[in-house]
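Asks: Here's the letter readout for the chains.
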Amino acid sequence: MSTAALDFPTLPTPAAAAVCRHCGEPCEAGGVLTARGPFCCAGCEAVFNVLEVHGLSAFYACDVLPGVSQKRGAHLDPGRFAALDDPATAARFLDGQEGGVARVTFSVPGMHCGACVWLLEQIWRVEPSILRAEADLLRRTVRVAFRADRITLRRVAEQLASIGYEPALDAEGAPPRMPAARRRLYLKLAVAGFGAGNIMLFSFPRYLNGGPLDAGFQRLFDGLNIALALPVLLYSASDYFRAAWGSLRTRSISLDVPIALGLTVLFGRSVADIALGRSEGFLDSFTGLVFFLLVGRLVQQQTFDRIAFDRTLRSFFPLSVRVQRNGRIRMVPLEQVRPGDHVVVRPHETLPADAVVLDEGGLVDYALVTGEQEPVAVSRGETVRAGGRAVGRTLQVAVLHEVSHTTLARLWDHPAFAKPKARWLTDVSARFGAWFTVLAVAIALGGAVAWWPDVDMSVQVATAVLIIACPCALTLAAPVTLGTAMGMLGRAGLYLKHSAIVLDISRVDGVVFDKTGTLTTAAAELRAEPVGLDLEAWELARAVAGESVHPVSRAIAHASGPSRAGTSQVRAESAIEVPGEGITGMVGGHTVRIGTAGFAGSPGPPPDGAGVRAGVSVDGRFRGWVSVSARVRPGLDAAVASLSRTRQVALASGDRDRDAGRWRPLFGDRMWFRQSPEEKLALVRAGQAAGGRVLMVGDGLNDAGALAAADVGIAVSDETACVVPACDAVLRGDRVAHLPGYLDYASRARSVIVLCFLISIVYNALGLSFAVMGLLTPLVTAILMPVSSLTVMGTAAGLMRWYARRMLPV
Amino acid sequence: MATTVLETPVRQLERPPAAGVDTFYYDNSIVRLFAVATIGWAIVAFLVGLIVALKLVFPDFLTFLPHLSYGRLRPLHTNAAIFAFGGNAIFVGVYYSLQRLCKARMFSDRLSAVHFWGWQFVIVLAALTLPFGFTTSKEYAELEWPIDILITIVWVAFGVNMMGTIARRRERHMYVAIWFYIATFVTVALLHVVNSLELPVSLLKSYSMYAGVQDALVQWWYAHNAVAFFLTTPFLGVMYYFIPKAANRPVFSYRLSIVHFWSLIFLYIWAGPHHLLYTALPDWAQSLGMVFSLMLIAPSWGGMVNGLLTLRGAWDRVREDPVLKFMVVGVTAYGMSTFEGPMLSIKSVNALAHYTDYIIGHVHLGALAWNGGLAFAMVYYIVPRIYGTRLYSVRLANVHFWLATLGILFYAIPLYVGGITQSLMWREFTPDGALRYGNFLETVVRLVPMYVLRVVGGTLFTAGVGVAVYNLYRTARQGVFVPAERAQAPALLKDPAAAGASWHRRLESRPVQFAVLSFVAVFVGGVVEFVPTAIVKSNVPTISAVRPYTPLEIEGRDLYIREGCVGCHSQMVRPIRAETERYGEYSKAGEFVYDRPFLWGSKRTGPDLHRVGGKYPDAWHFVHMREPTATSPGSLMPGYPWLYDRPLDTSHVEGKIITLRRLGVPYPEGFEAQAAADLRQQSARLAEGLQKAGFDAGADREIVAMIAYLQRLGTDIRSVAAGQGTQSTAGGR
Amino acid sequence: MTIVMLLIAAGGLVAGGFLVAFAWAVHTGQFDDTCTPAIRVLLDEPGSPSDRHSEDAAHGDDRS
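Chains as they are written, first to last, in our numbering: chain A, 1 to 810; chain B, 811 to 1543; chain C, 1544 to 1607.
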């Protein structure tokens, strides 16, 4: 017998490297050693103390090192929740206020386990005026009820942050709890299930008895059946009737019409049969039908919820901007910026609205919005358009017109980016639906007439036809297939803007690759180190590089390399990119140039060796080289090779053709170097002009134009999935090698949709012919109808998931 | 009960609780009381079970007192096991988990006390009335009408206490276990009331409101749901709380548990008829019972899967932790018996297994492993916690586990084998078409070895409880009892967002009252409308030849009920060739019109008696009832010597006739005046017949009434067939 | 067999009652969150006796 089983194993003793007592991450240089053990950063230690003081240390017994690392948030400025002070922004988060008690729902991405739930719900120990908190682990949200008169919303947010859970003030706000419509759907489903189950049990006696029971019981059971079926008809199936009535009123025939028609016929026929005592009616199949339709609708809604939930879209536009009013700069939410307000836009910040430049001018980069690459110089009095980003120097502008978040968001759906996409598959359901319903009604009438002398049969045939004619494939096939495909692709790292893009991907026959950031790893992983460059020049070079977004300069800026002890990070006043040459900027009085040999005025050619050599000159004097080497993404050669077998592949890169030799075996002679964004755009247009459908794969920043023009534009990004307006999909950096898999998968989606259409056509042909011949009792038809839509949905979703498992890195 | 508040040392900085935060104390003393009662009554129930099992091996064991005869002790065992042991175990689980799930103390300490002491008083009353023969003979509802009323009051006290706690909860979400507890309270209340409708004759005697087939259907609708809503739903609630807590894992799929609960409760109207397959129930009702039971596999197995898969990732701990071991075996047994049940309700399988000891094996597999297992696991989990210490010895708990598991195997398997043997022997025909085992006794003798093994199983299981008692006692000794466990939680606020439609708001704020109000209103409406129709004239096809019992036969029937003969004998010959061959014409629904309560029985340790009337001469009965082995050697039936020396109590004859007429039996007006004379006349004639056959039998002895009733069983229909007049000359028949 | 009517009334009463209870539960948001309650059950008050016995940590693995 083993020893006492109830003693739980001791906590894993930290291995050699000291592990943070709060979040368990290894403690590197920035670690803090205290009496109560090592912490990876000051943030973690602060949270640990807060918990200890408020008696919440049991938190660490709830899970093994459950804390959320505060390292990333270490340098967040304390004022980040200032926006919540303003009532308008706060209103968007508050759920309601009643009798001094306000309620707010925050989205807390840091929440991940039971211990987090426990800690968040004990927050009232930390802040007495917070009354209560309820955490939701699945949606990662927390609902806090607090005394509005004793604490501000901002303070609540700060308290949450103080115990290690940073509320994300994402523009979209937290996903809503159960929307009221979903609750009504659950109730409708329960009523339908209640009815279906019990009516079945009340109908069994007659089936088992092989005939009507003695009058007393048969009347009782029939009465109960009708009583139970009425709420199902009036409440559970009301959505279908309302939708059908709505579409009829607008003269269009949506696909709810045949369903509503079928339901009324089934119910009417059953009540008639019961009243005349001819048969026990088909109320059990009627309620069963409504039940299955509602189950189908719930499943469909839940899959689309999950798809939307997976895709993490970060919006680019700030919540609030810095406005200078009577000499003081204050954070003002976007909605409250008035025309004529004096807005201060710092480098890398986005212009909230069209505005007029007030100070002597500076540089604005519209790469994000319109795709043009090089920054535009603007001077006093010129107008700058919304979405532009200030580069180099801070800009003082006066806003021209009212601005709101929606106007900016609409910017993305700007016609310039709306691509005329042929959605021949998804449109077919709308056109075909109306025609299908008319045909169904015609066949029903035809059948009734054909059997006319025998009234009973003609009624049976007519009802059977109306019920069996199920356009389910048309409505369900495309959305379910594409929806599942989009979900699966999302899980595999390719986030699509909307599901129709799957079809466009499947019809691509030419692929154009950008080099930097796509074939090679993005800037973050570029390694830059000085070659024969003295320390002072290297510092200046890094300062200037910090101002530019070009991958090479970002690599230089982030390079860890040796830094003179004690010098704080110097900010360059300005940095201007000269396309194809390099960048020049002013730092502490020195003009610094980084770029090609000629641009930096170097005496001789750069020393050979792997990677790009950029020359650095300060005040005109050449000081040395910086070598920036980039690794090619793993598995890329195989990917491009397999793509080239079935499609044309080409390479268009902004760099010089120094390592063309490396790519020749893959792209043969279809390689273009030193391509400006315009030339890339022209290349794509040429491919399209030759009748091809072009897929452009780029890093989305400097070739936004080409991405926008291509049939399908995929932006490769390594950090969070940020969707650049110009592209249709975002691909995670480490999944580029799976591109062939994605293309094949997309073509599978097309064949699945066609298969579903075939199933539906065969099903309808068989069903209608049997119905017209009068062989189908409504009972069988009522069973077939949900069966057919469930099979279509099942095959579509099932096949796409099966293919995904085989073809995608899910 | 003054509860001393023991302040558990709070390590942290003691800060004054903020405005909206309540400090409250869980009531552990009521939990301890129920735990002690559970273990105490467990011992009583299992010992009575052992005695009853031993009586089937040694018929003359403990026969010096009429109060210890098999017939009277069997109902005591069933009631003790289900309501005393099972009941108290449920309340331990509910009172411990409900408070922690709602983060609130029980609604009222006084109601908890009323509930506890009331329930134990009911059990004591049962222990006093059943051995004295005061029983309604309706299985698992044997207690007489005053105790039924007391049960209702105590049960309502429990319900109010529970609903009050839920209404004052500080945790907005109602965990699924709470819904199971609510379902238990609501449904058992309804079942008990509907099944206990009876008209009293005297303080400890009453006649059922229903008769014959109807009484059977209501009884088995009650009995099945007693198993379903008293021995399954609360234990599922306990499972959903204690398995996650013991394994420290969230339940496998919380969504599945919600679907599992609501699909079960919505369809629960139709439980019960599968206990009456091949009996006189209409055919479509029997088939419906079968179909419904087959449907029950889905929710039951949904529960089992959810319970077992909660342990994914924690199976290694099941090896050492006895609490988890008991629960795993319990949930698996729950799966087995809820699969076995539906299989048994298939008509062809039921024809084989009904009335045999197979059913007893099925019942005890569920009871010992599922209810017993979970009850023990819960007590092993709770006692160390309310005493703030660890279990005294995990090794002893494992010993108990293995004793219990072996006990269950030694109990169930022999009875499975015995049941099948019994059934096959009853049905076996020789090639030339005669019954191979014509004499019922041949099957009884063949089963004795199985009964011996069952005694071994029972002993092991009871021994296990002994080990548990010692272990728990030492655990309590080494710990310090924490009568009131301190807890802090913010009060629940009115949630404006979820208020829904405004006219609904007023009802919203008081959900529990809203549910109770609707229940009472609709129920009263239902009762007022339906019950009269049920009583007045049941349209069961009445057979003209079937006449009400004579006063002497009524007294004899009440003796039959008093001695608990229904515990071993059935009165329902099924339309199966082997039974019509052995017993005679199969029983028709119309024959039971005047049987209040019905005595169809559910176990044939002895032969079916519905056609025994006239089969043996009075003298045979006179000898057999005193010394069964004299006329049938090897019989397991105990003797009833006290029937020969005690005079028949005829003081209530008039009251019985009046009550029966009020329940619809067509006794002519004024018949009750001459009932006593009629009784004396019939008993004198019978006694004279016995003396003529050489047996000295006093006309006023109880045995005469018993013989009169036995000779009347099933004879009405034969008289029609034979065409001659009935012997008895009692008027008004 | 009019007794069946009584049984249907009784059973229907219970089932109908619970349908009403379901409607109440849906509207008061009992089913909004079907993931956290299963985990919240495991989390006991700090310092309570049952908390001292909570075995190794509650692995509420990430469910999404």
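Don't read these hints as lab results, they were simulated from the structure. All figures in this text were calculated on a predicted structure; none of them were measured in a lab. For each residue, glycine too, the CB sits at the ideal point set by N, CA and C. One should not assume that every hint holds.
[Stated by the list, open to error] Across the chosen pairs, the derived CB separations fall in these ranges: (1) Asp149(A) / Arg1284(B): 53 to 59 Å; (2) Leu220(A) / Gly1474(B): 19 to 25 Å; (3) Pro1241(B) / Gly277(A): 48 to 54 Å; (4) Pro1010(B) / Leu220(A): 45 to 51 Å; (5) Leu220(A) / Ile1223(B): 44 to 50 Å; (6) Ile959(B) / Val50(A): 40 to 46 Å; (7) Asp149(A) / Ile959(B): 50 to 56 Å; (8) Thr1390(B) / Gly223(A): 36 to 42 Å.
[Stated by the list, open to error] Footprint (simulated), chain A over chain B, 3 or more residues, beta carbon under 8 Å: (9) 985 to 996; (10) 1072 to 1078.
Asks: Evaluate each hint against the coordinates.
Replies: Against the structure, the hints:
no.	hint	in the structure
1	Asp149(A) / Arg1284(B): 53 to 59 Å	holds (56 Å)
2	Leu220(A) / Gly1474(B): 19 to 25 Å	holds (22 Å)
3	Pro1241(B) / Gly277(A): 48 to 54 Å	holds (51 Å)
4	Pro1010(B) / Leu220(A): 45 to 51 Å	violated (32 Å)
5	Leu220(A) / Ile1223(B): 44 to 50 Å	holds (45 Å)
6	Ile959(B) / Val50(A): 40 to 46 Å	violated (59 Å)
7	Asp149(A) / Ile959(B): 50 to 56 Å	holds (55 Å)
8	Thr1390(B) / Gly223(A): 36 to 42 Å	holds (39 Å)
9	985 to 996	violated (count 0)
10	1072 to 1078	holds (count 4)
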